[in-house]
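Undergrad: The chain contents come next:
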Amino acid sequence: MEKNTALKDTILFVGFAAVVLCLPIILEPIGANYPDLLQKIAIFGIFAIGFNILFGLTGYLSFGHAAFIGVGSYMTLWSFKLLTMNVVPAIIFSVMLAGVFAYLIGYVSLRRSGIYFSILTLAFAQMCYSLAYSVLTPITNGETGLQTRAIRTNPETSLLDADLRVIDQAFGVQEVGVPTTNFFGMAMSGYTGFYFCAVLLIICFFIAQRLTRSNFGMMLKAIKSNQNRLNYTGIHTRPYLIAAFVISGMYAGLAGSLMAATDPIAGAERMQWTASGEVVLMTILGGVGTLVGPVLGAGLIKYAEQKVSSWNEGILENFFSFLPETLQHLMTNIGSLFVGEGWHTTLGLMFMIIVIFLPGGIMEGIQRIANIFKRKSGDNSKGASAPQPAE
Amino acid sequence: MDAIFLQVLNGLDKGGAYALIALGLTLVFGTLGVVNFAHGALFMLGAFCAVALERMLSVSYERINPDKQDFLGNPLKEQISYLVDWLGADTAAFLQDYSVPLSILFAAIFMAIVGIVMERGLIKHFYKRPHADQILVTFGLAIVVQELVRHYFGANPIPQAAPDIVSGAANVGAWVGLGDNVIYPWWRLVYFLFSAAIIFGVFAFLQFTTFGMVVRAGMQDRETVGLLGINIEQKFTVVFGLAAVVAGVAGAMYTPVLPPDYHMGMDFLVLSFVVVVVGGMGSLGGAVLAGFLLGILQSFASMQAVQELIPGISQIIIYLVAVIVLLTLPRGLMGRKGVMED
Amino acid sequence: MSVAEDIANEPGRSFERGVANSVLHIDDVHKSFAGLHALSDVDLDVRQGETHAIIGPNGAGKSTLLNVCVGRLKPDRGAVVFDGTVLTGKQPHEINQLGVARVFQTPEVFPDLTVLENVMVPALSKRDGHFRLNPFKSFARENHIRDEAVSVIESVGLKAQLSDMAAAMSRGDKRRLELAMGLIQHPRLLLLDEPTAGMARHDTNATIELLKQIKQGGMTKVIIEHDMHVVFSLADRISVLAGGRIIAQGKPDEIKNNPKVREAYLGEEQV
Amino acid sequence: MSERKDITRRRVIKSGAAAAAAAGATPYFYTRAFADGHGYMNAPKGDSVTFGFNVPQTGAYADEGADELRAYEMAVEHINAGGGGMLDTFSSKELKGGVNGKTVKFVTGDTQTKSDAARASAKRMIENDGAIMITGGSSSGVAIAVQGLCQEAGVIFMAGLTHSNDTTGKDKRANGFRHFFNTEMTGAALGPVLNNNYGKDRKVYHLTADYTWGYSQEGSMIKYTQPYGWETVAAVKTPVGAGDFSQFITPVLSSGADTLILNHYGKDMVNSLTQAVQFGLRDKQVNGKDFTIVVPLYSRLMAQGAGENVKGIFGSTNWHWSLQDDGSKAFVKAFGTKYGFPPSQAAHTTYCQALLYADACQRAGTFKPSEVGAALEGFKFDGLGNGPTEYRADDHQCFKDVLVVKGKENPSSKFDVLEVVEVTPRAKVEYAASLLGGELGPYNNG
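Which chain is which? The protein sequence lines are A, B, C and D, in order. Start counting the first sequence at 0; every next residue gets the next number (numbering that gives the first Met the number 0). Start counting the second sequence at 0; every next residue gets the next number (numbering that gives the first Met the number 0). Start counting the third sequence at 0; every next residue gets the next number (numbering that gives the first Met the number 0). Start counting the fourth sequence at 0; every next residue gets the next number (numbering that gives the first Met the number 0).
One should not assume that every hint holds.
Heads up, simulated BS3-like pairs for lysine-lysine below, C-alpha to C-alpha not over 25 angstroms straight-line [as the list claims (entries may be wrong)]:
1) D:Lys199 - D:Lys427
2) D:Lys407 - B:Lys76
3) D:Lys202 - B:Lys76
4) D:Lys310 - D:Lys202
5) A:Lys223 - C:Lys125
6) A:Lys7 - A:Lys373
7) C:Lys211 - C:Lys250
8) D:Lys337 - B:Lys76
9) A:Lys7 - A:Lys375
10) D:Lys407 - B:Lys67
11) A:Lys223 - B:Lys127
12) B:Lys234 - B:Lys123
13) B:Lys76 - D:Lys222
14) B:Lys67 - D:Lys310
15) D:Lys328 - D:Lys413
16) D:Lys199 - D:Lys283
17) D:Lys288 - D:Lys92
18) D:Lys104 - D:Lys332
19) D:Lys202 - D:Lys222
20) D:Lys169 - D:Lys427
21) B:Lys67 - D:Lys332
22) D:Lys328 - D:Lys92
23) D:Lys310 - D:Lys199
24) A:Lys306 - D:Lys44
25) D:Lys104 - A:Lys306
26) B:Lys67 - D:Lys92
27) C:Lys136 - A:Lys223
28) D:Lys328 - D:Lys199
29) B:Lys127 - B:Lys234
30) D:Lys202 - D:Lys283
31) D:Lys337 - B:Lys67
32) D:Lys92 - D:Lys104
33) B:Lys76 - D:Lys288
34) B:Lys76 - D:Lys310
35) D:Lys104 - D:Lys337
36) B:Lys67 - D:Lys413
37) D:Lys328 - D:Lys379
38) C:Lys136 - A:Lys7
39) D:Lys413 - D:Lys337
To be clear, the hints were calculated from the coordinates, so they are not data collected in a lab.
Chain A with its partners taken away, still in its complex shape (with noise of 0.2 angstroms):
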């Protein structure tokens, strides 16, 4: 049986690895093949991953981890400005810091359960918003947001202005106009930009894997499933909550951090509540609790976000000119209700449509289809489907 576990682990996660490297030639039929979007894909891949730690493993619901995605953009935005434009050492000072964060806001939060917890994060969250979007000015760039710049030649223009790259400068890089963010010479944007996040999307993946098998991850386990009892077992829960807390709140810095390498801006609207609501969103789109259906849950949301804003009305035109005039017009008039200015529209309806069809998500309605196929295969020897009685 414990072979059985670990053989079924490592197809999952080669299988994964193969489809995230694969990923430019499979989405190229649905038009999701450039890099912008892969980019995206895999940092909100991670992102969702981390947030599942938390929320999937142990019930506990964030509504601030956007703040861990603001921190870490803001560290590595300062790290090119201040150190070097090798993203290396950015990814590094950002999880730091955003571990560091994610430790006190943890610290203070996990003293409540439930919805107040909840609250508690999103306090915490809205208050950086709000300063880094006003007070804190200085450090954030405020609504501009924080941006590389040329080196700085006049002392007295503001660090927000001009960089300094002490390491580049120290190598003697010579810089033209604003440079690009790199990792030892490859550039960051562009297909090489996603490969570097796929990488580490897989190997953010793999350790999501360990730890969710591991004991640790089983204490997680039982924490959601029943913390008072494991008080009496034993085990004190604040340290097991705090350090789920701590790696999902790095596994958003890292995220944050590599929005900021491949795209070196820092705005302060990544730490909104709706930025938090978005990866709660993405998480129980793909299945709570499952390894894979966060980073599905991601890569739908941003599609639609990307490609389904993106279908305007001669676009819709076209796709129904096979159609008669009057009922081309009548369809296009319906389908801009869903797409282009009303993406936002399918979006809702996508909600309502798998929470109320499918509770465990998409994961769920793959699991619902992969078991139609074992019966027709005439393994349904066992009702492996049969719904859990209710208690």
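With chain A's structure known, arrange chains B, C and D on it following the hints.
TA: Coordinates of chains B, C and D only, in the frame set by chain A:
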């Protein structure tokens, strides 16, 4: 002194709005056990009831006036209101002037229908589902509702005028013996009284009717009420309808203060959750108390003297209060043990 | 200074560390809820290796006493001393780590875990104690603990349901699972809150047999029970609680014939 | 100036061994986008060229975004037809159907008025749809973010509605161009008009949106009213999207100020203005003067939202449909006939930007950013509704007359909310490019 007095008025006014939204939210939490992320959308729908009524009262037909020109230089098509034709100019003007107060009736009926349909059609299937599912489905619904509103009314705010008689500012200073600088808009005073009346009405309803008794018992202990064999499902529908109506009329009456736009529900959503949690989940009194408390604190935090002392405080005061309250009082101001803690 | 030390060092109070070979010593414990005295002047000694039953009519304060022992409730006065350590004021997980395990009256299992996992979790916590974070220590590779868990599950008769979700089990099965979760920790003191309630007679007997076997292993047990068949089959000594006070203590035979006990139980239970 | 051209992003960092690694590791994909072109990003193949219209389709500025999109669609029609609308009145007569012999097509994206979303959607249009330029937007934060992106990606950015100084000030970039005016020009134009109408020595209370544009607008208003003895009593920052501004308005009553300047835009402007009027500010007399309110930047779409309350209130705007020059008349006629209502200033500026870009490409004979940019730099034109206008080479900012407007007392229709009070000539609002700082840097051709 003047400034402080006015900030208290501001706080009461804001607090009234917060309390009205939070009231329905906490009622639904407490009795149905549902985390309703679409509650903000109900508030927004109520506000658009006022807009819709105003539009209905000024439905018109076109008449070409060859003497005037429109912006393209073509003969102007004048809009003639049907209401004017039917009822005469005076009555029509009167009705249009009072469209916001009239919209309370319209909003109450419309929102009751919306609430009942929503509960029967969707919410009731989610009583036993995890909170996360409830959040996702109601959030999805909120998005769909607000996109529909945007489709018909556009994205820009649509101001609604208060009736002429209460459109100016009252010389409140003269009433309480303060200076002439203490003036306050009539409509805001009306709104405060209105919210107090609604809050009082809801409490009286829950306190003095048998129906209210059952609902309160349900908030105490849902299982027991179920065991009593009372037709609790039907009661739940009514409770949800009530919450929708309260949110709706609160929204309709708020339109002269804040020109409604399709996104206002989302803007109020987070705030109303903070209010409910600070008050204590499922506690009606707590929601009202927290609503007024946060309203007044927010007003004071915006004063320049305070802002100079603590920069940025006006931006974060609500959340800061939420953190402090939750850390010192584990279940909010008036919350009970065991509600929504899993 | 911890709460426990605080209480122990309260001026003018000294705890007797109990009689010789006492494992659990309950010293003058008072607890009241809103003016209602749930426990008053409770003194109790549980000796090493014995099975001590606490009986009494409904509302006598039995469960309150157990809750005070495991740290769920804090007494108003008095203390609980386990093997020389004051438990009062300690966190539930600390008390468990000292070797006190509890089997709950209403089954408190992990509903979303399998039966096997339910039993392995307490075993892990017994072994590892404090917080551990090692992502490469796979739960599936804990062969030693799994084997032990399987044998304990077998001994409570749940072998067939090894990989079932606990949520889907019957109430009686959950109680047996509870028992297994307590047993696997090899506690020095096992507190059993009505371990056979809701079981069929046949299963009750099986449980009695199981507990008898454990007794040979030298584990000290405190058992709260309504079912006198169970009590008299297992108990070495019995304490009777009524109205929050201990009204009698002694060997089963003494208790059976105690007139006070009969009075307290009149119309309540059949002795 | 010529040496800053033609530098591609590939000449980026060279750091020892890293560069060697890069040379071997740069994969096929990365270079694909421009390797087969003519040495610049998304060089058009075939007989069409794609413009990217990046406008807010959701969020608070969705209506302005929709109007921008209408104007873009019309601009594309006119460019492809070689005539119609303001193309007929435009001083440059190069465009005669299509651009450089290619038909113009377009793709659209939703900025959501968020920098991240705007950059993502611009990237999609560049990377996936092959857009040769990006244009649009309805807020400065977004404009600056997208401008930075276009600089990195190597396409031209024609800014839409963005009023902050920074867009062509300290955040200016070689690949970015702005037709819209800015807070500096608003201040310079409004100052004298306010003095003429309200007199010297007033006490001013500022309510300022708590973000970059707000600070910039507040600074300009203080700078240009000070010479007339206008004194700042207080400048209070308000959270963006505050909704209810009552707690910021009541202190004005007792502050001794006789003028309130609302450095707000969009929804904030509608809300704060509506509420300030409700509080009876306009009916008051302070220091023996009538209390006045000023809204430095007007948007007609939003002013419609503020309804009755804008009457008599001064502000500035980039363009207004009631202008009677040939260009404006032609534009309003074309737009009004197509859509049934007059265009907004957002529609106007985006229409102009599309036309100006197309014209520059035609004149340069290529779509290569550095050459198109050179064609725009210092370009003088007329007939686009703002009178004689110049794209200044130093900061890629258009200089033209600024309109001072006020809310109309007797509107004849729901579109007729503003009336033009004064057209401040270009000379009075011009400033040295060095005033706002920043560096254009070199062009990036991708």
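Undergrad: Now look at each hint and say whether the structure bears it out.
TA: Evaluation of the provided hints:
| no. | hint | verdict |
| --- | --- | --- |
| 1 | D:Lys199 - D:Lys427 | holds, 20 angstroms |
| 2 | D:Lys407 - B:Lys76 | holds, 21 angstroms |
| 3 | D:Lys202 - B:Lys76 | violated, 45 angstroms |
| 4 | D:Lys310 - D:Lys202 | holds, 22 angstroms |
| 5 | A:Lys223 - C:Lys125 | holds, 20 angstroms |
| 6 | A:Lys7 - A:Lys373 | holds, 17 angstroms |
| 7 | C:Lys211 - C:Lys250 | holds, 17 angstroms |
| 8 | D:Lys337 - B:Lys76 | holds, 17 angstroms |
| 9 | A:Lys7 - A:Lys375 | holds, 22 angstroms |
| 10 | D:Lys407 - B:Lys67 | holds, 18 angstroms |
| 11 | A:Lys223 - B:Lys127 | holds, 17 angstroms |
| 12 | B:Lys234 - B:Lys123 | holds, 12 angstroms |
| 13 | B:Lys76 - D:Lys222 | violated, 46 angstroms |
| 14 | B:Lys67 - D:Lys310 | holds, 22 angstroms |
| 15 | D:Lys328 - D:Lys413 | holds, 19 angstroms |
| 16 | D:Lys199 - D:Lys283 | holds, 18 angstroms |
| 17 | D:Lys288 - D:Lys92 | violated, 53 angstroms |
| 18 | D:Lys104 - D:Lys332 | holds, 24 angstroms |
| 19 | D:Lys202 - D:Lys222 | holds, 14 angstroms |
| 20 | D:Lys169 - D:Lys427 | holds, 22 angstroms |
| 21 | B:Lys67 - D:Lys332 | holds, 17 angstroms |
| 22 | D:Lys328 - D:Lys92 | holds, 19 angstroms |
| 23 | D:Lys310 - D:Lys199 | holds, 22 angstroms |
| 24 | A:Lys306 - D:Lys44 | holds, 23 angstroms |
| 25 | D:Lys104 - A:Lys306 | holds, 18 angstroms |
| 26 | B:Lys67 - D:Lys92 | violated, 36 angstroms |
| 27 | C:Lys136 - A:Lys223 | holds, 20 angstroms |
| 28 | D:Lys328 - D:Lys199 | violated, 37 angstroms |
| 29 | B:Lys127 - B:Lys234 | holds, 17 angstroms |
| 30 | D:Lys202 - D:Lys283 | holds, 14 angstroms |
| 31 | D:Lys337 - B:Lys67 | holds, 21 angstroms |
| 32 | D:Lys92 - D:Lys104 | holds, 21 angstroms |
| 33 | B:Lys76 - D:Lys288 | violated, 42 angstroms |
| 34 | B:Lys76 - D:Lys310 | holds, 24 angstroms |
| 35 | D:Lys104 - D:Lys337 | holds, 19 angstroms |
| 36 | B:Lys67 - D:Lys413 | holds, 15 angstroms |
| 37 | D:Lys328 - D:Lys379 | holds, 21 angstroms |
| 38 | C:Lys136 - A:Lys7 | holds, 17 angstroms |
| 39 | D:Lys413 - D:Lys337 | holds, 18 angstroms |
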